[in-house]
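Q: Listed below, chain by chain, are the residues.
Protein chains: 2
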Amino acid sequence: MYKVEKLKVNYKTLEEFKKFREYGLQELSMFEDLEANIIEDDSVSPFYGIYFGDKLVARMSLYQVEKKFDRYFDPAQDYLELWKLEVIADYQNKGYGKALVEYAKSFGLPIKTNPRVKSKDFWDKMGFSSVAYEMERDRGENPLVWYPDGVKEQLH
Amino acid sequence: MYKVEKLKVNYKTLEEFKKFREYGLQELSMFEDLEANIIEDDSVSPFYGIYFGDKLVARMSLYQVEKKFDRYFDPAQDYLELWKLEVIADYQNKGYGKALVEYAKSFGLPIKTNPRVKSKDFWDKMGFSSVAYEMERDRGENPLVWYPDGVKEQLH
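These protein sequence lines map, in sequence, to chains Y and G. Under full-length UniProt numbering, the letters of the first sequence match residues 1 to 156, in that order. Under full-length UniProt numbering, the letters of the second sequence match residues 1 to 156, in that order.
Since the hints were made in silico from the structure, they are not lab data. Worth double-checking, as some hints may not be accurate.
Heads up, the list lumps identical chains together, so a pair's fine if it works in one copy or across two of them.
Claimed, not checked - For lysine to any residue, the following SDA-like pairs were computed, each having C-alpha atoms within a straight-line distance of at most 20 Å:
| # | residue 1 | residue 2 |
| --- | --- | --- |
| 1 | K6 | M135 |
| 2 | K19 | D90 |
| 3 | K125 | L25 |
| 4 | K68 | E134 |
| 5 | K19 | W83 |
Looking at chain Y on its own, in the form it has when it is part of the complex (with noise of 0.2 Å):
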């Protein structure tokens, strides 16, 4: 239904990445290596997002965590780690996260995200459960995990 593309790193993605309120070190930082030419313009980013016209409406981060790192899942396994799922005011409510989120199941691998608290029906529909909360690893978190088949929560 909407099409989710990888978005690169450069000044309009920058510009458009203000519009989202979970705005913080991390575009900071993009935007200082682009000024910096520490990175090139249009390099990869770990960025996903969806557009309505030329306007960036949706976006999430993805990150690949290594087996070796693996503490959410068994068996143990590389597994993505999604944050600043985030849809803009105007266009929530239509389809946007759900679609993010389906993209990233799409790869096939176990998923952790650590929500904000009042998002827990969203992540509910999507699939989502919680785990049995490890302070010296979850610290503030509220972890919320997807399994694949065959994969369950990995205890301690």
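For chain Y, the structure is supplied; the task is to place chain G on it using the hints.
A: Only chain G this time, still in chain Y's reference frame:
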């Protein structure tokens, strides 16, 4: 000026925690462990707080991370991770947050926190600074750190 207390895990404290915005899996897990007698009433918690009368008005969680996991400080060492620093609405701007952060500093260890985006001015005043963003370490975080004398940023 204010007395900082280490909070015990009991039903009264867990009830007070519900007044704080950043109530999440950590608190729910403590509640379930108490109900299931997995932890005893009045067992130690990672939380510190300040009472106004018998009302908990400010809190933070602290956890000492072991040197072998330190990816922020040079020389690598045990450090404190601080999260869920929060003062309830009617008691803000009265020095409660500052008192808690100064208490954390009094342990003499470096501190790392991942604050909400809008609290930058507060953390500046507390002497915290940004680190160079590293995606595989920081993901969606906006890490701020405080260096005791003789400690600097760990560069990778």
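Q: Compare the structure with each hint and give your call.
A: Checked hints:
When the C-alpha separation of K6 and M135 is checked against a cutoff of 20 Å, the pair qualifies only between copies, where the shortest distance is 17 Å, while the shortest distance within a copy is 34 Å. In this assembly of identical chains, K19 and D90 lie within 20 Å of each other by CA distance solely inside one copy; the values are 12 Å within and 30 Å between copies. For the homomeric pair K125 and L25, the shortest alpha-carbon distance between copies (19 Å) is at most 20 Å, but the shortest distance inside one copy (30 Å) is not. When the C-alpha separation of K68 and E134 is checked against a cutoff of 20 Å, the pair qualifies both within a copy, at 18 Å, and between copies, at 18 Å.
Within a single copy, K19 and W83 get their C-alpha atoms as close as 16 Å, which meets the 20 Å cut-off; across copies the closest is 26 Å, which misses it.
Checked against the numbered hints above, the structure violates none of them.
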